[in-house]
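Undergrad: In case you want the letters, here they are:
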Amino acid sequence: MTSNLVSTAAQAPQSAVSAPSRRKQAAFRLFLRKYAENRSALVGVALVLLLVVVAVAAPLLTPFSPRTLGNVPLQPPSLTHFMGTDDLGRDVFAQFLYGGRASVLVGVVAATISTVIGVLLGAVSGYWGGWIDDIIQRVTEMFSIIPRYFLAMVTVAILGANLFNVIVVIGLLSWPAATKLTRAEFVTLKTRSFVDAAKMNGASSWSIVFSEILPNAMPPIIVQTILTISVAVLMEATLSFLGLGDPNLVSWGLMLNKAQSFLTIAPWMAIFPGLGISLFILGLNLMGDGLNQALNPRLRREAKA
Amino acid sequence: MTGTLLESETEATVKARDLLEVDRLAVHIDTYRGTVKAVDGVSFRIGEKESVGIVGESGSGKSMTALSLLRFTPPGARFAEGRILFEGHDLVRLSQEQMRSVRGNRISMVFQDPMTFLNPLMKVGDQIAEGLVKQGVGRRQAREKVIEALRQVRMASPEDVADQYPHQLSGGMRQRALIAMAIIRSPALLVADEPTTALDVTVQAQIINLLREIKEEHGLSLLLITHDLGIVAHVCDRIYVMYAGRIMEEADVFSLFRDGKHPYTRGLIASVAYEDQPGGAVSFIEGSVPSPINPPAGCRFQTRCPHVMPVCREKQPPRTRISDTQAVYCWLYEEEGRDG
Amino acid sequence: MKSTSVATLAYVIRRLFQAIPLILGVIAINFTLIHLAPGDPATLLAGEFASPEAVERLREEFGLNDPFYKQFLTYLGKVATGDLGYSYRFRAPVLDIVLDRIPNTLLLLFVSFVLSMIVAVVLAVLSARRPNSLFDNVASSLAMVGYALPMFWLGMMLILVFSSQLGWLPTGGMYSLRGERTGLAMVLDMARHLVLPATAFAAYFMAMAYRLTRSKLIETLREDYIRTAHMKGLSEREVLFRHALRNSLVPVIAVMGLDLGVMVGGAVVVETVFTWPGVGRLMYDSILARDYPLLLGIFVVVSFGVIIINLLADLVAALVDPRIIYD
Numbered sequence: 001m002t003s004n005l006v007s008t009a010a011q012a013p014q015s016a017v018s019a020p021s022r023r024k025q026a027a028f029r030l031f032l033r034k035y036a037e038n039r040s041a042l043v044g045v046a047l048v049l050l051l052v053v054v055a056v057a058a059p060l061l062t063p064f065s066p067r068t069l070g071n072v073p074l075q076p077p078s079l080t081h082f083m084g085t086d087d088l089g090r091d092v093f094a095q096f097l098y099g100g101r102a103s104v105l106v107g108v109v110a111a112t113i114s115t116v117i118g119v120l121l122g123a124v125s126g127y128w129g130g131w132i133d134d135i136i137q138r139v140t141e142m143f144s145i146i147p148r149y150f151l152a153m154v155t156v157a158i159l160g161a162n163l164f165n166v167i168v169v170i171g172l173l174s175w176p177a178a179t180k181l182t183r184a185e186f187v188t189l190k191t192r193s194f195v196d197a198a199k200m201n202g203a204s205s206w207s208i209v210f211s212e213i214l215p216n217a218m219p220p221i222i223v224q225t226i227l228t229i230s231v232a233v234l235m236e237a238t239l240s241f242l243g244l245g246d247p248n249l250v251s252w253g254l255m256l257n258k259a260q261s262f263l264t265i266a267p268w269m270a271i272f273p274g275l276g277i278s279l280f281i282l283g284l285n286l287m288g289d290g291l292n293q294a295l296n297p298r299l300r301r302e303a304k305a
Numbered sequence: 306m307t308g309t310l311l312e313s314e315t316e317a318t319v320k321a322r323d324l325l326e327v328d329r330l331a332v333h334i335d336t337y338r339g340t341v342k343a344v345d346g347v348s349f350r351i352g353e354k355e356s357v358g359i360v361g362e363s364g365s366g367k368s369m370t371a372l373s374l375l376r377f378t379p380p381g382a383r384f385a386e387g388r389i390l391f392e393g394h395d396l397v398r399l400s401q402e403q404m405r406s407v408r409g410n411r412i413s414m415v416f417q418d419p420m421t422f423l424n425p426l427m428k429v430g431d432q433i434a435e436g437l438v439k440q441g442v443g444r445r446q447a448r449e450k451v452i453e454a455l456r457q458v459r460m461a462s463p464e465d466v467a468d469q470y471p472h473q474l475s476g477g478m479r480q481r482a483l484i485a486m487a488i489i490r491s492p493a494l495l496v497a498d499e500p501t502t503a504l505d506v507t508v509q510a511q512i513i514n515l516l517r518e519i520k521e522e523h524g525l526s527l528l529l530i531t532h533d534l535g536i537v538a539h540v541c542d543r544i545y546v547m548y549a550g551r552i553m554e555e556a557d558v559f560s561l562f563r564d565g566k567h568p569y570t571r572g573l574i575a576s577v578a579y580e581d582q583p584g585g586a587v588s589f590i591e592g593s594v595p596s597p598i599n600p601p602a603g604c605r606f607q608t609r610c611p612h613v614m615p616v617c618r619e620k621q622p623p624r625t626r627i628s629d630t631q632a633v634y635c636w637l638y639e640e641e642g643r644d645g
Numbered sequence: 646m647k648s649t650s651v652a653t654l655a656y657v658i659r660r661l662f663q664a665i666p667l668i669l670g671v672i673a674i675n676f677t678l679i680h681l682a683p684g685d686p687a688t689l690l691a692g693e694f695a696s697p698e699a700v701e702r703l704r705e706e707f708g709l710n711d712p713f714y715k716q717f718l719t720y721l722g723k724v725a726t727g728d729l730g731y732s733y734r735f736r737a738p739v740l741d742i743v744l745d746r747i748p749n750t751l752l753l754l755f756v757s758f759v760l761s762m763i764v765a766v767v768l769a770v771l772s773a774r775r776p777n778s779l780f781d782n783v784a785s786s787l788a789m790v791g792y793a794l795p796m797f798w799l800g801m802m803l804i805l806v807f808s809s810q811l812g813w814l815p816t817g818g819m820y821s822l823r824g825e826r827t828g829l830a831m832v833l834d835m836a837r838h839l840v841l842p843a844t845a846f847a848a849y850f851m852a853m854a855y856r857l858t859r860s861k862l863i864e865t866l867r868e869d870y871i872r873t874a875h876m877k878g879l880s881e882r883e884v885l886f887r888h889a890l891r892n893s894l895v896p897v898i899a900v901m902g903l904d905l906g907v908m909v910g911g912a913v914v915v916e917t918v919f920t921w922p923g924v925g926r927l928m929y930d931s932i933l934a935r936d937y938p939l940l941l942g943i944f945v946v947v948s949f950g951v952i953i954i955n956l957l958a959d960l961v962a963a964l965v966d967p968r969i970i971y972d
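Residue numbers (this note's numbering), protein chains in the order written: chain A, 1 to 305; chain B, 306 to 645; chain C, 646 to 972.
Calculated directly from the structure, the hints in this document are not laboratory data.
Treat the hints with care, as some may be off.
What the hints assert, rightly or not - Covered stretches of chain A, going by a simulated chain C footprint (3 or more residues, C-beta under 8 angstroms): (1) 142-150; (2) 156-167; (3) 241-255; (4) 262-272; (5) 275-286.
Remember, predicted model here, so these are calculated numbers, not experimental data.
C-beta: ideal position from N, C-alpha, C; glycine also.
Please construct the entire structure, taking both the sequences and the accompanying hints into account.
TA: Quick look at the structure:
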C-alpha cells in the first residue's frame, strides 16, 4: 500500500504534491499503527534501541574504562562491579558497554555494504534480465552456497585481523539475500504502469531504476537490511570469539574468547557478553519480522489466522 | 416462521423419496466486524436420481450451502439453525467420525478449480484410490477400480493417466480425474461446485455432458452449483435461485425459464441475453448486493428490485406456491394465495 | 513412465553440470586469497619459519614465476589431483589431515540434524494444527530465542550447567581418556560426549527448521487439495501426514540445503568450545598456528562437501516433487 502511494507522489505534477503527501502520511500512520499492534515487534525495537543507546552512551554509564587493570581479578558481580571483573581485574560491565559499540558499528557498516552491493546487483539483474541476469544469479547462488563462515575465517586470517578487514569481509559475504530480494521486487515492479509512464516520458533506464522502481522496493529492502545487521553481528561475534577480531577493540566475541578459560571459576565473564549478543540479535530479528508483517498485509493475515 | 413449519410438513408428504432435505439451514460466520449470515434460512430438497441446480451470483451463499452439506465450512463458521437430513441422519449433528464415513462414500464433491484441487506430489491413480484403500480394498483391486473409474469419465488411456502426476494433465483431464475420484465409491449424491468455471469453453461443454451421463449411468443424484443459467438448463431437473443467503425461487427447469416469477429470476434470465455485451449481467440488475453483515429487514432483494413495495422493507416474504413444481418468495405474489 | 526416468536423468546431469562453475569458483577464490595475502605467496604457503630452500621449492612447484593464468592452471591441476598442499605444522599433506577429521564432523552434524528435524517437525505439526494457540505461541517464541543464541555461547552455557554445576556430562572431547575403546562401552562413552555439542548445534537447526516447517505447513493446510483429501473422508491425521506434511517438507529441504553453507560454519565454534576433534576444531587450531595451507585446504574440502550435500538435497526434493524436474 505504501508503495503505491509513493509512486503516485512521484508521478504527480508539482501543483498536486500536497494531496499525495498527505495520503503518504496517512499510510505511514497506518503502518505505525499496524506495527504497534505487534507486541513482539515492539519488544524488538525496545531491545535494539536500549542496546544502541547503552553502547553509544557507554562512557556516561560507567566510571570504569574497559582496559584499566584493577586490583582484584575474577571478582563476582557486586555493587561496584555490576558484572564482576575479569582475570586482569578489569570491569566486565565497562567491557560489556564498550563491546556493544563494536557490535553496533560492525553490524551497521557491514550490513550497509551488503545492502548496497545486493541492491545494485539485484536491480541490474531484475530490471535488465537476459545474460547479465543469468551471470548475476549464478554468482549469487555461488555466494549463498559456499560455506561463508569458513571463507570469512580464511580471509581474515590471511589478510590480517583488524576492524577494517572484518567489516569489509562480512560486508562482502552477506549480500546474496539482498540481491535475491531486490531482483524479485524489480521483476514484478518493472511491469507496473508507472514504469511505462516514465518510459513514455523519456526517462532513462537508470533513472527509472533509481527514482521510479527503487523507492517502491524500499520497504522489503529495509526489512532485509535489518536482518542483515543481525547476520553481521553474529558473524563479527564469531570471528572475534575465534581470535579473528580486532585485538585492539573490546567486543562481546573477544570477551567470550577470554571467558572460555575461566568458565567454571568466573562464569560472569561468559554470561553477560553472550546475553548481549543474543538480545541484540533477538531484537533485530523481532524488529525485522514485525516490520515485514506491518508492511505485508498477506503475512499479517497469515500470522493472525 | 410459522409458514416454514407448515411448508416442511407438506413437503414430506408430497415427496416421500427425498434423498436430501435441507430445512431452514443457517450458516453464520463470526468475524470481528460482526456476524456474516452467509446462508440464512435456506430450505431445499433433492430426490433420488434427481438433478438439482442452485443458481446465484457470487456472494449469494450458494457455494457455502454446498460446502455445508459436507460440513466443509470455513473456520469461524457455525450452523446457527436448521437441519440437513440425508439418508435418515441429520448431518449437522453427526460426529466428526460419522461425518468422515459420509464424505466420499455417500456424498462426494467436485470442486471449482481442477488445477489446485489435486495434490501435485501424488500420482493421479493413488489419489483416486485413497478413499477405497481406506475402506480396506486391496491394492490390486483398488487399481482395477481406478482404471475402471477413469474409463467411466471417458479418459483416454486410463492406465497411463493413473501413473501420471497432476501437472502432466490438462485442465479438462484433471477435472475428469476429480470426477473419477468423486464417483469411485458410488456415492448417492454428487455435489458439483462451479465445476466448469476454470475451464476453457470447449472443455466446459464436455465436462457438463460428462456429469449428465455419469448421473444417468450411476443412478446418483446431482447437486450443481453455478452462476451459469445455460448449464443448469442443460443438466438440471429443478432449480433453486439464491440471492444474498436466501432462496428466492424454486421451479422445474421449464417453468423457471418460461415463466420465472421473482423479479430477481427475471433479471437473471434477461441478463443472459446481454451477457456477451460489456458489463452485461452486472448492469442489467441495478443496485448492489446488501451487506451480509446486518442485512436489511424484509426481502433481501429490496435494494435492487424494480417492483419494491413498503412491505418488502418490513417483512420477509413467505413461500408462495405457484404450482406443484414452482414456488416463489416474493410479496408480489402473496395476493394470489399463500402456500399451504 | 519411460519419459519420466529420462527426464529425471536429464535433470540430474543438468544439476551436476551446474555444480562445475561452483567448484571452479571455490578454487578461484582460494587462488585469489593466496595472491591477495600481504607479502610473498610462497612464504605464506611455507610458513613463517621455513627455510629459504623450502620457499624456493614452493615457488618452483606453484610456478610462481609464471604468468598469472598459467599459475591458476597449475593450481587447478594440483587441486584436481588431490594435492591441497603440505602442512608444516602437522608435517603431513593437507588433504590427509582434513579427510581424517571429516567423519567426526559428519557424525556431529548428522546427529544434530536428525535430532533437530524430528523435534522441529513434531513441534511444527502441533503448532500448525492450531496456529496462535498457547502451545504455538510458546513454541514460536522459543524458536525465536533459539534462533538468536550464538552456538558458541549456548555451548558454554551448557558446559556451565551440565558439566561444571551438575557434573552430568563431560566438558569436551570425544572419548574419556581412560574409557573403553571397544564395543558398546565405547559407543555409550562417545554418545555421552556427543550430547552437549549436538544440543548446542541442534538448537539453531531446530529453530530454523521449526519456523520454516510451521509457516509452510500453515500455508499448505490452506491449499485446495487438502479440501479434496477431506472430501475423500480421510482423517485429520491422514490428511496431515499424507498430504500436508510431505508437501511442506519439499521447500523446507530446499531452503535448508541452501543455508547449509552458513550452518556448517557453526561446526568451527561448537567443536572449538567442546574440543571435538573434527574439521571445525582443526580450523581453529590452524587459525592459531597460522597454518595457511591447511586453512585454505579446509575451505576447499568443506566447500566441496557443502556443494555435494546441496546437490543431494536438490535431488531429494526433485524425487519427492516431480514438478521440479520439468521446470
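Undergrad: If a hint holds in the structure, say so; if it doesn't, say that too.
TA: Results of checking the hints against the structure:
1. 142-150: holds (count 8)
2. 156-167: Three-residue rule met by the stretch 156-167 of chain A, so holds; n is 4.
3. 241-255: holds (count 4)
4. 262-272: Three-residue rule met by the stretch 262-272 of chain A, so holds; n is 5.
5. 275-286: holds (count 7)
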